[in-house]
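Given these sequences and hints, build the entire structure.
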Amino acid sequence: MRAGSVEIRVGLSSCGVASGGEAVRDALVREAGGRAVVKAVGCNGMCHSEPIVQVLHAGKPVALYGNVTAGAARAIVRRHTPGRGLVNGARRLLRALTGGEAVDLADHLVDAEAGPAAEYLGKQKRIVLENCGEIDPGRIDEYTARGGYQALEACLRLEPDAVIAQITASGLRGRGGAGFSTGRKWEMARRQPGAVKYVICNGDEGDPGAFMDRLVLEADPHRVLEGLAIAAYAIGAAEGILYIRAEYPLAVRNVRQAIRQAQARGFTGENLLGSGFSLHLEVREGAGAFVCGEETALIQSLEGGRGMPRLRPPYPVERGLHGAPTLINNVETLASAPWIVRHGPAAYAGLGTQGSKGTKVFALAGKIRRGGLIEVPMGITIREIVEEIGGGIQGGRKFKAVQMGGPSGGCIPERLAGTPVDYDEIPKTGAIMGSGGLVVLDERDCMVDMARFFLRFTQAESCGKCTFCRIGTKRMLEILERICEGRARRDDLGTLEELVDYVSRGSLCGLGQTAPNPVATTLRYFRDEYEAHIQEKRCPAGRCPALIRYRVTDQCIGCTLCAQVCPVGAIAYRPYEKHEIDDKLCTRCDECRKACQDDAVEVVSPC
Amino acid sequence: MSGPGLKNATIAAGAVMVLSVVALAVDYAVMRGWTPASDAQIAALQEKVQRDAKLAPVLAAEQKRIAEFNRARRARVNWLSLVLVGAAAGFLGGAKRLLAGQARPPVRVPERGPSAVWPRAGRAVAAQAAAAAPEIDLTFVDGLIEKEGRGAEAAIPILQAIQAHYRYLPDEALRRVCHLTEISPAQIAGTSSFYSRFRRSPVGEHIVRVCHGTACHVAGARQITDELRRELAIAEGEDTDPSRTFTVEEVACLGCCSLAPVLMVDEHTAGKLTPATACDALAAVQPGERA
Amino acid sequence: MSRRRAVLALLAVCVLGCLAENAQGQALHYERPVERAPQEKDIGGGYVTPKVQKPLPRRAWLEILDVALLAAAMGVSVWIVVKRRSRRWLVALTVASVGYFGFYREGCVCPIGSIQNVTVALTDPNYHIPMVVTATFFLPLLVAVFYGRAFCGGVCALGSIQELVLLKPVQVPRRLDQALGLLKYVYLAAAIWYAVLPAAQRDFVICRFDPFVSLFRRSGFAHMLALGAGFLVLGMFVGRPYCRYLCPYGGLLSWFSRLAARGVSITPNKELDCGLCAEACPYGAIEEMRAVRRKCLYCARCYAACPREGPLVKAFVPLGEVR
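Residue numbers (our numbering), protein chains in the order written: chain A, 7 to 613; chain B, 199 to 489; chain C, 9 to 331.
None of these hints come from the bench; they were simulated from the model.
Facing chain A, from chain C, some residues (calculated, C-beta under 8 Å): (1) L280; (2) P315; (3) R316.
Derived pair list, reagent style DSS-like, types lysine-lysine, alpha-carbon separation capped at 25 Å: (4) A:K404 to A:K543; (5) B:K470 to A:K404; (6) A:K66 to A:K129; (7) C:K59 to B:K262; (8) B:K252 to C:K59; (9) C:K62 to B:K262; (10) C:K303 to C:K176; (11) C:K278 to A:K404; (12) A:K584 to A:K600; (13) B:K246 to C:K59; (14) B:K262 to B:K246; (15) C:K49 to B:K262; (16) A:K129 to A:K404; (17) A:K584 to C:K278; (18) C:K49 to C:K62; (19) B:K252 to C:K49.
Far from chain C, some chain B residues (derived; all Cβ distances over 12 Å): (20) F338; (21) D369; (22) C376.
Keep in mind the model is a prediction, meaning the values are calculated, not measured.
C-beta atoms are modelled at their ideal positions from N, C-alpha and C, and glycine is treated no differently.
Here you go:
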């Protein structure tokens, strides 16, 4: 960066765009004119304060602004590009007389050195996310300027076995959820005979509540391509496929663009960098089936059929796509590889715990104050993540549990929050590491409802091959629905426990085997909630519509906010009078309670 | 003072106010007639004085009389205006209290319905859909198969391209695919029903995908879907509103969990929704249509 | 803040400009230009023309008192709005201002008209501007730079009388409101144009067409009285029509109040965003649930309309409607 020049970065990943980032970008560009460079970068992970603007001044610390509006964007440009000369002075005077209301930039400034942002960023160790929010994903130059593709060049000079040895030495384990050693997987793929081999990057991030892959693919696609190329070289594959969810249109677009750019530079395609090794990359969009995250189902889907898993072994590394050895790695796994090669396996293995090395990216969401994408060294406790990085629960409510691993995972209660993030420790709680979805729940979340939510998901996504998964999940869902509606029978809990056991033992693939996990963990840690639903017809969290009723208390000051938000008009608009909720119209949507600033709307259960 | 007493007093003050205005106006009208007359009188007298000096005291007396008269009128007007100000103050004060004390009629939140929300767009699209439905141009399918190949493994990319082009999978197009490629009808039926992205029935002009991921679920995605369906008057068992403007789908996760609850209209994502703002998010694709 | 400093510097330069004019300016030589009226000798007969009666100039200390009262009233207005946060107190101040600046001083302590005096002082070296008028012109602007349009609220006699007659305000559609709002700038331009003309053609249009001054004086041209009455009747349903759409000084104040750091703030830190204040604001000065400095006329109705301030129906507000 030229001395004295100013670079303004605005985060324009899906989350930034959804928060109005494009308007901010336009305002920045218009206001900056030629005085500053405005760059669209990916998300830096601080999704809770999108749209984010960073200002880089040569020789000054980075200024970080959150929740930026178009007005604030203009003020940011003005503050950081001091006008020179008389003309500018006159312009400022004119603006003083005619400009809009002053925007207080202090409201938007996020201090990255101290305060909440420091807590958020301080405990993180960025390896996979090192470029996210720093570079423009649409420019390969920015990636190479930060050491990109050097790892690939280094690998191409090594023997494939040496590359695999590095990965093995780093202790990297598959980040898709199961945590299988990546080095061993590559080794197995390499040992397979056959001229045709495939590498597949699994970006079919189906877990509800997880968005690590989306962000990495959107914000730093070249890193994934480089990792994919390294893997392909290591195992000797000439074909690479990136299987990406169709729900991530921006990720698909950015990856396609990155492939074109990499090809133009000779990082993929024929004869990579003159090494004689060739790699052809292709993007395939998923068609919306959770089960396709499973390796064998993914291959079925690539072959054009229904994405139904098959019996393993043979594993895909032995017989995969079109019968050829196929290496399937998660986005995050591949994105870790270039860093390992560049910094050496020892640096990576130096992070984390005995059995789990390196870092893990988590998508922190739910009732957390500061949600977003974080990357933490293995071994950090769940409590540290929730309370220090995430800043605790929104609205000062009580932390109840975290849901880890999506529909295959489980709910870890607050009292076990000291559990370290580790492939060997987490399963002891009944949950799994999973791909990195971490949804934080508070006292207002009903655990029976959570179990029902996941069961409804797995039941719908079950491919139907195994009877226990197909019908067992259906029966479990029916029981859970009965419980939530207050129609449960005495013996339902017993039946549910039996089904948990049968379904997990009687299913072929991970989906079915782990489908009962959400029910099993909630039954284990929150049995009292199930019993309250069944015996007292009461929902302790005040969540299940059939068991609750809303009421306005005497604290009401008649401000009409609840009447304004009620989507069904169950509250009449009567200013300065105590409001009333028409129970017949009320749909229990909770909007009035959320809108009320004086806690004058309460949930009554049992009703 | 309250109730009828206040009301009577207010009316009385109003009456006094009106009376004093009338009095002032009458006074003004009369004086308007009088003033030029007195001016002429003085002028005539002055002329007479020029001829006959003895008349000077008469002129002086006349001038004095007129001055007296003017002063009296000034005082009268002053008093009247003070009465007017007082009466106006009383009237306004009383009227304000009366208006404030009135129980305001409960203002109903305006009834919302599909007709009110998307009036024009709806009809236009319905007409379009009716016109477009029977005719399906299959040349796209032919070109697509040339590009993607005829093998069974091309099934999903072909179906995705057809879906992207027609926005659903028309039966005619699928039959054409079976006819031209190695893909069997069974495979097409199996695949197209297996993946949630594929749909066999036509969609509205815009597709709304409401995220039902974990974070969105705990943040109230159910209410967002319910509200959209209510607002667009989508019937039970349907996913598209009667005017065929919007198709509302539930999807597993859009990957914007920090902004939960989230929805996506075509390719535009909106986050941090509430039932009240969910419908505004739809306006992003049709700005200006919202009432 | 640099913008505010720049504007303050500009104000200071203007004040100095006025004072400098004072130093070299002289009183205009004035002679009674009566030639055609019958003179004593023409009338004869010992007729004596009565002496020319000129109103005695107000005593200097009284004029200074006026300025002091103006400053004090603005101080009280700011105190009521920023600290006391009471509509009732503000209504009391409004009544007092109508009484003193309006009916007693007959609308003569008037920054609105002083625009013209200042303009002339800055352009015509022969014009003498009294210090008092200079102060009257600049004080409200100075207050506006820090606190917004405190002058408009309970101080300006013209504004106050309209404030008091407001009975049942209707909300003016926003587009129309904006369009009409431009009129005051046209009026300001016209006033300045007529003021900078050479002394012979000079005209003080703002004073000539002041709709309320003849009401305060309880005499004047019939059409001006009717105009004033018309504005008041209109003002019963449209909040302060003169201030919002015609007052040239209001235009200046709204420019300067953009810089104000403090002013009307609706229940800060406890905002409900329920919109009842916006509904209560007759001037459309609450946009997106926040008071807009350049439009806010310091009437404090929003405080009274806030459900946070307790049940309102009980509040007795002398001469001020509750809502």
